[in-house]
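Trainee: Construct the complete structure from the given sequences, taking the supplied hints into account.
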Amino acid sequence: DVKVTQSSRYLVKRTGEKVFLECVQDMDHENMFWYRQDPGLGLRLIYFSYDVKMKEKGDIPEGYSVSREKKERFSLILESASTNQTSMYLCASTMTSGRIGEQFFGPGTRLTVL
Amino acid sequence: AQSVTQLDSQVPVFEEAPVELRCNYSSSVSVYLFWYVQYPNQGLQLLLKYLSGSTLVKGINGFEAEFNKSQTSFHLRKPSVHISDTAEYFCALRNSGNTPLVFGKGTRLSVIA
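Residue numbers (our numbering), protein chains in the order written: chain A, 1 to 114; chain B, 115 to 227.
None of these hints come from the bench; they were simulated from the model.
Treat the hints with caution; some may be incorrect.
[To be verified] Cross-link-like lysine-lysine pairs, in silico, DSBU-like; alpha carbons within 30 Å at most:
(1) A:K3 / B:K163
(2) A:K53 / A:K70
(3) B:K172 / A:K3
(4) B:K219 / A:K57
(5) A:K55 / B:K172
Mentor: Here it is, written out as structure tokens:
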């Protein structure tokens, strides 16, 4: 059974803290994605990665960075958390071009910044 | 630029009634279209996808969608809904194998007993 796992389901942090959200997939997928989900706004793309050590900005990268040191792991980093980053964060992965496959999603991390 | 518009943010419907969730898209190139479902406190799960071929696509849980290129639409339908279909539904598109999905804002389906 294919799987995308996220390190925490719920996380509470304080303003100014550095926050790491981890995502791991076991499907040997090349492409990985981080989205945030907010009511009424749907899913918005933060960053994505086509391969190890590669990263591309999505639609809302400000205040975030990412790291992909290994193929299976894609980390989202909030350098200095702020209250407007309180949200649900979803990680996803998909295989590379040549096949138009589905994107597989993790269960999400609900982050609250106080 | 590509975009997806889900015309209804909330759709209440009685159990065993039919439902249609509307999705329109905008793109200057060919697209691949998807519907995802998100049950409470869970991640997204693929319902169905249109890649090519027959414009009527059948998915899981009795859902189907029809691709209409002239109307740039990909509406989702189910002839008879169950309480368990209560969830948020997202329409999405992409134009190649490794480009990110572009999502609509979602439609919350509430099935009433």
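Trainee: All the hints need checking, so say for each whether the structure fits it.
Mentor: Hint check:
no. : hint           : in the structure
1   : A:K3 / B:K163  : holds (20 Å)
2   : A:K53 / A:K70  : holds (8 Å)
3   : B:K172 / A:K3  : holds (24 Å)
4   : B:K219 / A:K57 : holds (20 Å)
5   : A:K55 / B:K172 : violated (35 Å)
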